[in-house]
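With the hints as your guide, set chain U with the ligand onto chain V.
Protein chains in written order, with the working numbering: chain V, 1 to 237; chain U, 1001 to 1250.
Source of the hints: derived by calculation from the structure; they are not laboratory data. Treat each hint with caution, since some may be false.
Said to hold, decoys possible - Label pairs and their in silico Cβ distance ranges:
1) V:79 / U:1030: 52 to 60 Å
2) U:1106 / V:79: 18 to 26 Å
3) U:1192 / V:79: 39 to 47 Å
4) V:200 / U:1101: 38 to 46 Å
5) U:1094 / V:138: 20 to 28 Å
6) V:183 / U:1106: 28 to 36 Å
7) V:87 / U:1093: 33 to 41 Å
Glycine residues also receive a C-beta, built at the ideal position from the N, C-alpha and C atoms.
Chain residues, written in single-letter form:
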Amino acid sequence: MQLELFPLANKVALVTNGFGPVGEEICRRLAGAGANVWLHGQVEEGCELSDTMAAEWTALGVHLSPVRGTAADRQTIAQLVATILEQCGKIDLLVNNCQAGQRRSFHQLTPADWLTTMQLNLDRPFLFCQQVLPAMLGAGGGTIVHVSSTAALTGQISPDFAASQSAVQSLTKGLWHEFHGKGIQVIGLAPEAKEAGAEQSGQLAKAIGEMVLLLGTGYGVYLNGEILTVHGGIPNG
Amino acid sequence: MADPTVKRNIVVVGGAAGIGREIARQFARSGDRVAVADINKQAIEELTADSEGSIFGYYVDVSSWESVCHWADDLIRRFPAIDSFIYSAGITNRRPFLEIDWPAWQKTMAVNLHGLFYCLKAVLPLMRQQQGASVVIIGSGSAITGTGGGVHYAASKGGAFGLLRALVAELGRKGIHCNVVAPRVIQSEMLDRLYPDPDDKQKLIDQIPIGRLGQPADIAALVRFLSQQEAQYIHGQIILADGGRTFQAD
Ligand SMILES: NC(=O)c1ccc[n+]([C@@H]2O[C@H](COP(=O)([O-])OP(=O)(O)OC[C@H]3O[C@@H](n4cnc5c(N)ncnc54)[C@H](O)[C@@H]3O)[C@@H](O)[C@H]2O)c1
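Looking at chain V on its own, in the form it has when it is part of the complex:
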């Protein structure tokens, strides 16, 4: 098999909730393979994207779209998708990174915390899928990847996080079921739940970047509808 040097040349990718090690690895891989990458993500209130970071991304050819606030801002999402479609004419790959969360117990978890996690990990992917799918359907195809986590099965990190992960996996199944006959691939990746900065979390982020690259190139068509666990051979439990 001959692998192309830039297998994603002329492809347009949108990566959401992407400011973080996993999102950045994904963008690096996709941009490195020649894709036109748009990175949307949460930037903490009061915290700016550094100039060096912005310059680095621009050099890679990645368009940045930072947002503030956790509410699912439907208008911002619609505008971003409209801008991409205007400038590039299509979106081939949508990667919804659904991994916002922090360690806490059920006791510590407040209703407000719960809703914030759901907005980031569940409402946003829903809104992005709704905005992007018509264009994908119009173009005759596209790939959607949802990056969730094994916490869906194990309950790790926190109750809100784990619930959002299993919910997004069911969202993946539902979308696959409705759109698989229409040229759309919907695939889930479930990396082992690790906190950012934990041992091997860098390797895990790289592995996710590589998997997204593989799926983006179209090598994963036969995986449509699957949720793939990515744990480096060291499963939990």
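Then chain U with the ligand, alone, in the frame of chain V:
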């Protein structure tokens, strides 16, 4: 064996209709004290009226944290220690993915998923912390298959799986075992709304190896089994109750 003469305190959220109502009735018939919480006032009244005082009705809108807190404050007076908590509240409004508008998405999440969290948050502190106490969540097979009530419904029901697993360690140490029961097609008001046409119902039946739709009593029997101390070792499980539909070979 549990002593059958000891009355247990049971709470059924979404217990005024369908599967939840049958669960409430079965517990009441076996002598337990049952609190039913639901948004449908009329259905609550009808249910409590013919329960001979064994079922107490409460109004709650599970999609509102304030409403849930208000209800829990009320509940604690008559049900100071709860033995079993069952969550059966749910809504469905099936439509194609691209036609799920924002209010429909939000409402489905609010009742099926956020409401589950709100109720657990409010009720778990009122539960008896002793061996044999239990939680049963009515989930749905659609969370596994992605089919059924639409993508929003599937996603909302999927959330219960991760939440369940996250509670296993904490609740287990308190003696409380918890599980999800995931039905697929059960004869209820909800199913009538989803499949009003008898021909469509027949098509469903044709897909079910057991050869009939599920009845609320099928689910209620399983929930009652899971709610007792004898079932304590079944903890953290998702039990599909579907007459074999999900695993039938074509
Ligand atoms: N019937 C089926 O085929 C089927 C299949 C799979 C899963 N389920 C699940 O089983 C559960 C029960 O479903 P059912 O078939 O008995 O439906 P149902 O509509 O007959 O009963 C649901 C109950 O929830 C109550 N409810 C709705 N919104 C509420 C709110 N905001 N606050 C409080 N109560 C509220 C309703 O008033 C009703 O009494 C649901 O969670 C449903 O998702 C049902």
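Here is what the structure says about each hint:
1. V:79 / U:1030: 52 to 60 Å: Once the Cβ atoms are compared, 58 Å apart, the range 52 to 60 Å for residue 1030 of chain U and residue 79 of chain V holds.
2. U:1106 / V:79: 18 to 26 Å: Holds: the Cβ-Cβ distance is about 21 Å, inside 18 to 26 Å.
3. U:1192 / V:79: 39 to 47 Å: For residue 1192 of chain U and residue 79 of chain V the Cβ distance comes to about 42 Å; the hint holds.
4. V:200 / U:1101: 38 to 46 Å: holds, 42 Å
5. U:1094 / V:138: 20 to 28 Å: holds, 24 Å
6. V:183 / U:1106: 28 to 36 Å: holds, 29 Å
7. V:87 / U:1093: 33 to 41 Å: holds, 36 Å
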